Amino acid sequence: MKPEALSERLVGRFPEGVEAMDTPFDIPQFRVAPAALVDVATYLKELGYSMLLDVGGVDYYPRSPRFEVVYHFLDMKRHARVRLRCVLDDERPEVPSLTGIWPSANPAEREVYDLFGVVFTGHPNLTRILMPYDWEGHPLRKDYPLKGPREKLEARFAAEKNRFHAPKLAGER
Amino acid sequence: MAKLDPADLPLEHPDPRGYRVESADGDRMIISVGPHHPSTHGVLRLILELEGERIVNCVPEIGFLHTGIEKTAENLTWQQAITVIDRMDYLSPLSNNLAYVLAVEKLLGIQVPERARYIRVLMVELQRIASHLVWLGTTILDMGLQSGFFYAFDIREGILDIFEEVTGARMNPSYIRVGGLANDVPDNFVPMVQAFLDRFPKRIAEIQSILDDNPVFLDRLRGIGKISKDKAIAYGLTGPNLRACGIDYDVRKAFPYCGYEEFDFNVPVGTNGDAYDRYRVRIQELYESHKICMQALKRLPAGDWQIPDRKIVRPPKQEVRENMEALIHHFKLVTYGFDVPAGEVYQSVESPRGELGYYVVSNGKNKPWRVRTRPPAFYNVFTIPEMVRGELVADLVAVVATIDPVFGEVDR
Amino acid sequence: MTNNGQFFVTTIDKFVRWAQKSSIWPLTFGLACCAIEMMNLVGPRYDAARFGSEVMRSSPRQADLLIVSGRLSLKMVPVIQQVYQQMPEPKWVVAMGACASSGGIFDNYAIVQGVDRVLPVDVYVPGCPPTPDAVLDAVMKLRDSIAAGRAKGGVMAREA
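Going down the list, the protein sequences come from chains A, B and C.
All residue numbers for the first sequence refer to my numbering, where the first residue is 41 and numbers rise by one.
All residue numbers for the second sequence refer to my numbering, where the first residue is 122 and numbers rise by one.
All residue numbers for the third sequence refer to my numbering, where the first residue is 2 and numbers rise by one.
Note that these hints are calculated values from the structure, not bench results.
For clarity, every value in this text was computed on a predicted model and none was experimentally measured.
Any given hint could turn out to be false.
Partial list, derived from the structure: chain B residues whose beta carbon lies under 10 Å from chain C [said to hold, decoys possible]:
{"id": "1", "residue": "G163"}
{"id": "2", "residue": "F271"}
{"id": "3", "residue": "L332"}
Each residue gets a CB set at the ideal place from its N, CA and C atoms; glycine is no exception.
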């Protein structure tokens, strides 16, 4: 359906939860409050957006609130897509999980948890999926250094003796 | 070389904490088909719960190839990020290339010239043929016919020769750039591609003649790994796997990009959703890609291969040597790059694995703020438990092979 | 011949090294993009079988050469170490590609900066990915090293 029609229906049905955003690049997008997410998603499924394409996370670090979880939905019959953006709390980034409606959300939400630290309440198995199980930290956050734990080590050695290669230390990977 | 002390080496694998054995029945066995295994499809660990020979449950574990590509891309300029993004789906790097570059071009609001569009379509379809040939070769190998592997890879060498001639690299060419292409195609491009396309259908027909009516092949694939339409949609399955279930969804037809609406091709659709239909859909796609390539080659227009805006694409070297302004542009592009207006965009293409999408967020600077990939193979791999439930353990490899996962994309 | 014993031992040594270098069986250890070029290596055009790598074994117990083709991620380190330990001696390692040699273009939290941080490597092959010609060249160099007695192969045979 046309973006305006979709916008009317969504905002009309969920006045507090959904806020339309302008769509300069032709995918309608809406800002959704985390509490209303599951209802909005179920309604979208009824409207025909049968596939959950993707669940992704974005970290807008110096800006607060910093975390955002972005959902893309696809209507295969009418060739339409829609995007939902949930802005999360800074201290306790939590959002309800969509695994009850779409099983494809299961691995995607684990990945967002692994890389950003966003907790999906109601997820059956929220564990790390890409990093090793005992990894500390959430790598894709903006305040996580690119080289991870190596960064401090290598910076120290580079400053000390201006050496090109850091030597291997015990326990270093 | 330092001496390796066996005592220093850890021996245990991390266990997937999420897996719980619900009942410790007498006949049930848990087997870890570990990340290193004879099937040639990449680093996937499957934990199977078996009752005798039947698979009762299956838990895929991924992450063995996690490279932090998305984080690396945030530290490179828009044009440099193309090189790391190529290495995600390494069987068809030009598809990744195209999707990312189209997303950035949408943000910038530029349209590439017609010649660039045609060459992009031609290269991407050749890349699709190459990727499907790797799939074909490795699937035949997994089914037991080792010489089929050689047939498929021999055909593929022709395509790799074309890529080497045009871009300089057989794999990971980073050829499609923001604003056009990396360089124009050489003069022998058209005859070379024509020669390849002319001999291609016969060679595929040769492989088909070995496989299509082969009772062993049919036995190994027919009826195996079925998935129903509803489940396929619920799990986010896309690409030839989804079309084998009977759903006609192809991004090239649904949301045309890069001029695909001008080409005349069909989208093959299966009926059952089993492994044999996935095989048939991909073989048909080889012929359809061949059709598109022939059309693109015949209608290849002359003209510019990149946009004339010197703030985004590099000026030709001769101009840089003679013209001060061109020199300044070149300097700025190499040291700083170009700024992309703030905003976010989702652009997807039909990669050989499915719908490959990029959600790109820009904050107005010269480096991407966030490059989120919608990896088709990631969602496809997590349908494996659904497909193998109730199958025999020996059919597991057939199912994984026909899904065609590429772990660079799954793990990024 | 002044010393019969030495003549026999060196000749037997030479024979053993010739036998080792002429039948190096690689292990199928493809990780990432380089794995595809490795598949091309055993493919029809760049046929590694004519140099002795007749079969690529999938079981580490039956393989001589571990070609680390691709980027080594953190989760994969215990796996590759276990696979390397399972290989019987003499065994050699070829670090194929930039990522295996030194971390390649991925200088970040997730990739081990070079397989030689976890395994002893005999030959490094640069390239991203290296063409199968380059890997064949590496195998040739490895064969020369084995014939000359430089690459003894394995952990036990190395000196501290």
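Quick rundown of the hints versus the structure:
1. G163: 7 Å, holds
2. F271: Holds: closest Cβ of chain C sits about 5 Å from B:F271, inside 10 Å.
3. L332: 18 Å, violated
Consistency with the previously given hints fails for number 3 only.
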